[in-house]
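With chain A fixed as given, assemble chain B onto it according to the hints.
Next come the chains, spelled out residue by residue.
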Amino acid sequence: MVKIISAITVHLLALILLLYWFGKPAQTAQEDFGFEPILTKFTGELEANVTLRVLENDTAIKQGFFEELLQAFNEEYAEYGIVAVDANMDQYLDLENDGPYGFGPDVLYQANDQIMKYTDGQHIQPLPIRELNCYPYLDENAWQAYTGTDGQIYGIPVNIQAPVLYYRKDLLPANWETEWDKNNNGIPDMIENWTDMYAYSMQIREESLGSRYGYMKSLWDVYFASGYLFSYGGYVFGDNGNDAQDIGFAAGESYKGLHVLRQLASIMNEDCIDDTITKIQYAKLASGEFFASMTTPDVYTLYINELVLSYQAEGLSAGEAMEAAYENLITAPVPYLPASGDLTDQNSETIPTIMMGGVNGYAISAYTKAPNAALAFADFATSYEMIKRRHELLGIVPARMDNASDAGGLTDIVNANLSEGNIYIMPSIRAVAQIWTPVGTLFADVVKDPFRSLAEQKFISDEQLIEGLLRASTQVYDAIWTLQ
Amino acid sequence: MLEAIKKGGIQVALSALFMGLGQLCQRQVGKGLTYLFLHISALWFFLRYGAVMLRGFITLGERRANPTLNIEGDNSVVMLIMGLFAIIVLIGYLLLYAANIKDAYNTQTLIAAGKKPLRFSAELKSLADKNFYRSALFLPILGVCVFSVIPIVFMILVAFTDFGGNTVPPELVSWTGMDSFFRILTLQQFAPTFFMILNWNVIWAVCATALNYFGGLGLALLLNKKCVKGKLIWRAFPILAFAIPGFINLLAFKFMFSYGGPLNQMIINAGYSPIGFLDLDAKWMARIIGLLINAWLAIPSSMLLAAGILSNMSKDFSEAAKIDGASAFQIFRAITLPFVLFATVPVLISQFIMNFNNFGIFFFLRGGLYIDGYFLASDTDLLINWLYNLTIDNNYYSIGAAVSVVIFIITSIISLTVYVLSPSYRQEDQFK
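These protein sequences, in sequence, are chains A and B. In terms of the working numbering, the first sequence opens at residue 1 and continues consecutively. In terms of the working numbering, the second sequence opens at residue 1 and continues consecutively.
Please keep in mind that the hints were generated in silico from the structure rather than gathered at the bench. Keep in mind that the hints are not guaranteed to be accurate.
Straight-line alpha carbon distances no greater than 16 angstroms define the calculated EDC-like cross-link-like pairs of lysine to aspartate or glutamate that follow [said to hold, decoys possible]: (1) A:458 / B:281; (2) A:3 / B:171; (3) A:458 / B:372; (4) A:369 / B:72; (5) B:254 / A:275; (6) A:117 / B:171; (7) A:117 / A:96; (8) A:24 / B:62.
Bound-form chain A, shown alone (with noise of 0.2 angstroms):
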């Protein structure tokens, strides 16, 4: 027995021994994680024979423009024998997960705050955007939104992506020229300023018995909606959307924002509670129900498509309907809002809508296993033409302001609203994902007030408004901190 004891115990010891011994790392020291080593990845010595994975988004990928971006590149640099393909990936990427097992991309395209997630884990690669031909081209508030707490810049701004005012020129009122333009500027009233809109909105509703309305839009949405708040002084969090402990939904006079969004569900319907205007939003504004809505210049597209239709079902026809769709719908710069906030206050002041926007671009994978070629790739497709070619066919407003003052029109205007600050860049941190719920429900809650009945109002007086926006607040934040 004893024999047998101690064979098991030097059996069992052994192995505890031989565990723990081999079981020791070989190195435990931590690396300097200075950063001046970063840039030296980009030597500026391509990579020959390597293949790209690129990821498009969709819409390039359906209308051809990523085809011509991939054919071009490939016929540039086929003589360092570098490819780009298509990663063939879905769009909503998780390069933190994919990335470090070799499934990522090498070059993504995707929006700021996608991007910029992904900084935390040093997932994607600062970039040295000096070496790039659009560095001076580009805003400094476009680069802002690639700019990482460390100071270093991860993303090439290409398109800026910010609400713009769609509406039918034929639907103005016959008079307009003459009652709708106090500053003769030849630009109607309701579209310069919500206040005007908010009437002529109220006057369509009451001439066609509920039957038609002037602007509509889903109220609840916290990328289109947050903008009224934004415009009186609110924020999502401060340090330049850096700093997640100071969240500022309710900084400000933002309640006033948040009255002007009730105010604007007084001229709808309850349709604007939920998503149902968002999805019938084209249908309606061809069909003529609506007047004006708003969202990004990308769906312009869609806008005219409807319009053909609606107009060849009138007696039009294709080429009389094409023709009469683009004169007819018109894209314009979001109204300015009243002072106030008070959009039945003729008198005051006005002051810019300041809406919240994002700015889409190219981002390399720190994963890569070629920095320099991909950095090439990224070089080409923000080239001036490549830029120009992707606005022709896509419709974007590009970041670019060559691009934009050549383009002119709507996408020059974009691009002013950026440089004066009045797009809000939205934050780039990881904790912006945790906004969208709290204050959705806020805006959801404060826009069905004008549907209840009066004694179950909840949102009458301007202390329910902040009181309604600490709220939302304090649910981000716990959303963000109580559990870190």
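Chain B in isolation, oriented as in the chain A frame:
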């Protein structure tokens, strides 16, 4: 094993020291070499990989990666999984070690009794005959360990770490003990929401299971009646709802109940104001709509189950009861229901668990709302929806895992209690 330790001789001691030595000394060359080979293989695995895996399991990483600097580091999550794998291999090794000692002792006993131990080839043959269950079960058990045990244990282990939030690879994860569980119960915002949702979750699971079960049974009884014409067609209709993927049905229902949906259009056309069937004020209305939609989706399967069982029920009992003057309800309560219940309690329990963890209904019908008084949840969310909000939306994996463990404990207790108290368990022979 104890007997082997107490009474074993030198051969057993040799096998205890190094697997297979005792067998070799007892002239069991084939078996001895096999044990020796397995011992050396296990040692090679542990020295080459296992030791590092086990250390990684304990530390969860000591070196942070930085891909932008091409610095490779430790991935805590991978280390946790691989450590778990090494532990399973270690347990397997220890079981093999014990079997080796026992085998050496059995051989020693046989030789001492003057008997001849089985040849190795004969023992191998027995794996296809007397011990066939061992060879047949080996692969399934291995499969269960890899595909079932490891993921479940991994999920449970995550509850004891700080994985989630900002602590995701390449950041290093640490063990935090029971911290996640204490947080669920003690955090000011967390505990009230947990108990409010748990309360609604239990009500939901009981009501949904009862509604689906009795709805299905009622429909089956109805379609079992001789007077019903065109039974095949009537049976086909509910199955259509069952055949269409659930989430498509749910999205269709969401549209139907939305402000722009057909129901509200009819209400508006009738001259009334639209109703927010599922909006943020619609607490109980949304809950009842959820129950009814769930019944629409689940009753067909209950109906099919009940119809199958009813077709096996002898009509003698009910006819005898009829002759004795029993009413239709008395026959149902005293004969039909116990018969169906006896056969379906295990299914009923599984339906209860499925309803308790019914993620899709309120995710598709009423997702994206945080209601006042609830912490990152709405008043229709079930624990599983809250779990999703906490983990996927907010990346709190460790808290999510802790909530999963709590859900598992609750459903296990309820299921076991119901099963033990049910006629299926207590009166097993009654309907045989």
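With a cut-off of 16 angstroms on the C-alpha distance, tell me whether residue 458 (chain A) and residue 372 (chain B) pass.
13 angstroms, holds
Satisfaction of hint between residue 171 (chain B) and residue 3 (chain A), Cα-Cα up to 16 angstroms
49 angstroms, violated
Pair hint outcome, residue 24 (chain A) versus residue 62 (chain B) [Cα-Cα no greater than 16 angstroms]
Holds, at roughly 11 angstroms.
Are the Cα atoms of residue 117 (chain A) and residue 171 (chain B) separated by 16 angstroms or less?
14 angstroms, holds
Is residue 117 (chain A) within 16 angstroms of residue 96 (chain A), Cα to Cα?
Distance of about 9 angstroms is within 16 angstroms: holds.
Straight-line alpha-carbon gap residue 369 (chain A) to residue 72 (chain B), limit 16 angstroms:
14 angstroms, holds
Hint check: residue 254 (chain B) vs residue 275 (chain A), CA-CA at most 16 angstroms. Holds or violated?
11 angstroms, holds
Below or equal to 16 angstroms on CA atoms is what counts here, so check residue 458 (chain A) against residue 281 (chain B).
12 angstroms, holds
In summary, the structure is inconsistent with hint 2 from the numbered list given earlier, while agreeing with all the others.
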